[in-house]
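Engineer: Using the sequences and the hints, build the whole thing.
Number of protein chains: 2
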Amino acid sequence: MPYWGYGVDVGGTSIKFGRFTAEGELENQWEIPTDSSQKGKNILPDIGRAIRRDMQGRGLRRENVLGIGIGVPGPVDGRGHVKKCVNLGWDTVVDVPAGLRKELDVPVHVGNDANVAALGEMWKGSASGRKNVVLFTLGTGLGGGVIIGGKMLSGSNGAGGEVGHIPMNPDETLPCPCGNYGCLEQYASATGVVRRARELLAETPAGSLLRAVPELTAKDVWDCYARGDALAAQVVEHFGRYLGRGAAAVACVADPEVFVLGGGMSKAGTPLLEVTRKYFRQYAFHAFRDCAFTLASLGNDAGIYGCMYLVLQGY
Amino acid sequence: MPYWGYGVDVGGTSIKFGRFTAEGELENQWEIPTDSSQKGKNILPDIGRAIRRDMQGRGLRRENVLGIGIGVPGPVDGRGHVKKCVNLGWDTVVDVPAGLRKELDVPVHVGNDANVAALGEMWKGSASGRKNVVLFTLGTGLGGGVIIGGKMLSGSNGAGGEVGHIPMNPDETLPCPCGNYGCLEQYASATGVVRRARELLAETPAGSLLRAVPELTAKDVWDCYARGDALAAQVVEHFGRYLGRGAAAVACVADPEVFVLGGGMSKAGTPLLEVTRKYFRQYAFHAFRDCAFTLASLGNDAGIYGCMYLVLQGY
Chain H
190 MPYWGYGVDV
200 GGTSIKFGRF
210 TAEGELENQW
220 EIPTDSSQKG
230 KNILPDIGRA
240 IRRDMQGRGL
250 RRENVLGIGI
260 GVPGPVDGRG
270 HVKKCVNLGW
280 DTVVDVPAGL
290 RKELDVPVHV
300 GNDANVAALG
310 EMWKGSASGR
320 KNVVLFTLGT
330 GLGGGVIIGG
340 KMLSGSNGAG
350 GEVGHIPMNP
360 DETLPCPCGN
370 YGCLEQYASA
380 TGVVRRAREL
390 LAETPAGSLL
400 RAVPELTAKD
410 VWDCYARGDA
420 LAAQVVEHFG
430 RYLGRGAAAV
440 ACVADPEVFV
450 LGGGMSKAGT
460 PLLEVTRKYF
470 RQYAFHAFRD
480 CAFTLASLGN
490 DAGIYGCMYL
500 VLQGY
Chain Y
190 MPYWGYGVDV
200 GGTSIKFGRF
210 TAEGELENQW
220 EIPTDSSQKG
230 KNILPDIGRA
240 IRRDMQGRGL
250 RRENVLGIGI
260 GVPGPVDGRG
270 HVKKCVNLGW
280 DTVVDVPAGL
290 RKELDVPVHV
300 GNDANVAALG
310 EMWKGSASGR
320 KNVVLFTLGT
330 GLGGGVIIGG
340 KMLSGSNGAG
350 GEVGHIPMNP
360 DETLPCPCGN
370 YGCLEQYASA
380 TGVVRRAREL
390 LAETPAGSLL
400 RAVPELTAKD
410 VWDCYARGDA
420 LAAQVVEHFG
430 RYLGRGAAAV
440 ACVADPEVFV
450 LGGGMSKAGT
460 PLLEVTRKYF
470 RQYAFHAFRD
480 CAFTLASLGN
490 DAGIYGCMYL
500 VLQGY
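Chain order of the listed sequences is H and Y.
First residue of the first sequence: 190, per my numbering; consecutive thereafter.
First residue of the second sequence: 190, per my numbering; consecutive thereafter.
Simulated from the structure, these hints should not be mistaken for laboratory data.
Bear in mind that the values here come from a model prediction, so they are computed numbers and not experimental data.
Hints may be right or wrong, so weigh each one.
No copy labels: a pair is met if it fits in one copy or bridges any two.
Stated by the list, open to error - Computed cross-link-like contacts, DSBU-like style, restricted to lysine-lysine with a CA-CA straight-line distance of at most 35 Å: (1) LYS408 - LYS291; (2) LYS408 - LYS340; (3) LYS456 - LYS467; (4) LYS273 - LYS291; (5) LYS291 - LYS456; (6) LYS340 - LYS205; (7) LYS205 - LYS320; (8) LYS467 - LYS230; (9) LYS228 - LYS320; (10) LYS291 - LYS467.
Structural biologist: As structure tokens, this is what we get:
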């Protein structure tokens with residue numbers, strides 16, 4: 190009997206689905222909007238319905254489905270319970286496997302979205318063939334996923350790999366969205382890049398292409414950097430110094446084979462990779478100074494791939 | 190047939206041995222001096238001889254021995270190869286299992302000394318019953334061991350859990366023994382405590398019990414702190430601020446159930462635990478702010494226990 194599995198990446202705006210063969214081939218992918226109204230009570234039923242419909246369309250029976258892997262943007266414990274997930278409207282503990290099993294009686298595996306994305310990059314992406322991987326997801330904030338010996342490091346509170354909240358600067362005066370001061374993501378994220386650019390533009394009278402940009406974004410900074418803008422270069426160095434030092438701290442715990450840089454800001458490409466590695470090498474302990482750095486290659490599909498890998502690991 | 194195993198903790202001055210039953214009871218323990226002369230070429234033969242002699246004395250045959258677990262003060266890869274180990278005189282890669290098997294044909298398991306100590310505390314010490322544990326070994330330097338899901342996090346270069354070298358202070362002007370600047374162990378170690386005390390004594394004219402101490406040690410600082418000395422209190426706060434912040438950084442990767450504080454300086458006891466936890470709570474991400482802290486309970490025996498646990502895990 191042939192087998193399939195589903196990877197489901199649940200985000201605040203949309204839910205991404207992938208139907209995979211047991212050999213890991215992505216056969217079909219689609220997405221639906223996330224309904225976070227009424228405390229997100231429709232999310233699991235919506236997922237169940239969408240998968241049932243796809244199974245019918247493909248002529249699959251329950252016995253053909255190895256399982257469903259689900260990534261959620263919140264802390265997940267070892268039993269697939271999600272403590273709280275503001276983006277989905279979940280304000281209390283949600284038992285994801287139990288909730289989904291009401292809709293569809295197949296095995297369910299749950300992971301944090303950043304951790305499953307790291308698993309995806311390890312399985313089919315740019316960290317393919319490795320077993321010890323750290324993913325940094327550089328977006329509005331900084332997410333992270335840590336893989337040790339081929340498995341997600343979920344942690345005791347589902348907060349394994351929360352690298353965006355490494356305390357980096359005890360002198361910071363502005364709060365991080367988490368409530369602390371001086372977290373890595375305050376510097377090593379799109380938000381951090383824009384903030385630093387604005388600070389430098391206000392502090393110095395120096396000319397810069399950035400002065401002509403009306404609503405400054407991190408992309409503008411990387412673009413101007415590519416065009417040789419000196420102020421943009423200062424912003425990029427500031428970013429790299431923090432992310433490189435943060436990566437050196439992570440390596441003192443996890444000593445990975447490779448760091449993978451993903452998320453929206455990873456579109457900046459090689460310059461982002463180079464400035465991060467430069468500062469990593471400056472701050473890293475000698476035993477892992479030559480650790481590899483690479484860009485993520487699965488983009489927004491990393492999550493569904495990682496979720497399918499969860500299914501295969503759990504089976 | 191009854192079974193036994195041996196735990197062997199190899200240090201720069203002495204080699205500690207433990208003979209355990211398969212149920213984990215420590216039946217016999219002893220030590221011999223470490224012969225690091227001639228590039229440490231006698232170390233593995235000495236270990237083999239010592240174990241053979243103990244086996245004879247106890248009437249054990251090779252078939253009764255499940256294996257030998259060995260902890261060494263250096264980076265160990267997945268095959269038990271030790272990259273380099275200055276304290277033992279090993280200046281090149283040493284294949285520990287192969288070297289020992291020449292002496293004694295039983296299974297050999299090798300780990301870094303700090304990692305096996307963490308394993309020991311998890312198995313029979315103060316982290317007993319836990320599966321996700323971080324040990325800080327507070328001595329002259331700061332060692333560390335990280336256990337995830339009951340297994341040592343050894344890392345890709347054998348540098349997993351090298352928490353003493355987390356970059357904490359980019360403005361530091363004095364080098365760490367590792368060659369970098371601003372590593373955690375420059376502040377959170379006996380050396381760091383003495384240094385800070387000396388700095389404060391030189392900087393301020395304030396009276397302090399510490400001024401009367403001829404050759405200042407970390408123990409003097411903790412003793413004077415217990416007696417209410419204000420300058421010693423400043424030193425202790427400085428130490429706690431660094432170790433607490435370092436632990437918060439480690440938790441952003443590993444999210445352990447418990448931090449165990451061991452090593453010589455852990456004799457300072459509850460005050461050390463309290464100041465570390467106070468600053469951990471200040472810097473920690475909310476998901477793990479209530480993480481437990483405890484003092485190590487196996488003292489110098491943590492290593493041999495952890496080594497025996499390696500044997501049982503490998504068997």
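Engineer: Checking LYS408 and LYS340: alpha-carbon separation at most 35 Å within a copy, between copies, both or neither?
Structural biologist: Classified as within: same-chain Cα gap 33 Å, cross-chain 42 Å, threshold 35 Å.
Engineer: Could you place LYS408 and LYS291 in one of the four classes (within, between, both, neither) given a Cα distance threshold of 35 Å?
Structural biologist: Intra 44 Å, inter 61 Å, cutoff 35 Å: neither.
Engineer: Is the C-alpha distance from LYS291 to LYS456 at most 35 Å within one copy, between copies, in both cases, or in neither?
Structural biologist: neither (40 Å within a copy, 54 Å between copies)
Engineer: Treating 35 Å as the Cα threshold, decide for LYS467 and LYS230: within, between, both or neither.
Structural biologist: Classified as neither: same-chain Cα gap 46 Å, cross-chain 39 Å, threshold 35 Å.
Engineer: With 35 Å as the alpha-carbon cut-off, assign the pair LYS291 and LYS467 to within, between, both or neither.
Structural biologist: neither (51 Å within a copy, 44 Å between copies)
Engineer: Between copies, within a copy, both or neither: which fits LYS273 and LYS291 at Cα up to 35 Å?
Structural biologist: Classified as within; 20 Å inside a copy, 56 Å across copies.
Engineer: For the identical chains here, do LYS228 and LYS320 meet the 35 Å Cα criterion within one copy, between copies, both, or neither?
Structural biologist: Between copies, since 34 Å is at most 35 Å while 37 Å is not.
Engineer: When Cα atoms must be at most 35 Å apart, do LYS456 and LYS467 count as within-copy, between-copy, both, or neither?
Structural biologist: within (18 Å within a copy, 40 Å between copies)
Engineer: Give the relationship of LYS340 and LYS205 under a CA distance limit of 35 Å: within one copy only, between copies only, both, or neither.
Structural biologist: both (22 Å within a copy, 34 Å between copies)
Engineer: At most 35 Å between C-alpha atoms: does LYS205 with LYS320 qualify within a copy, between copies, both, or neither?
Structural biologist: both (26 Å within a copy, 33 Å between copies)
This entry does not satisfy hints 1, 5, 8 and 10, going by the numbered hints stated previously.
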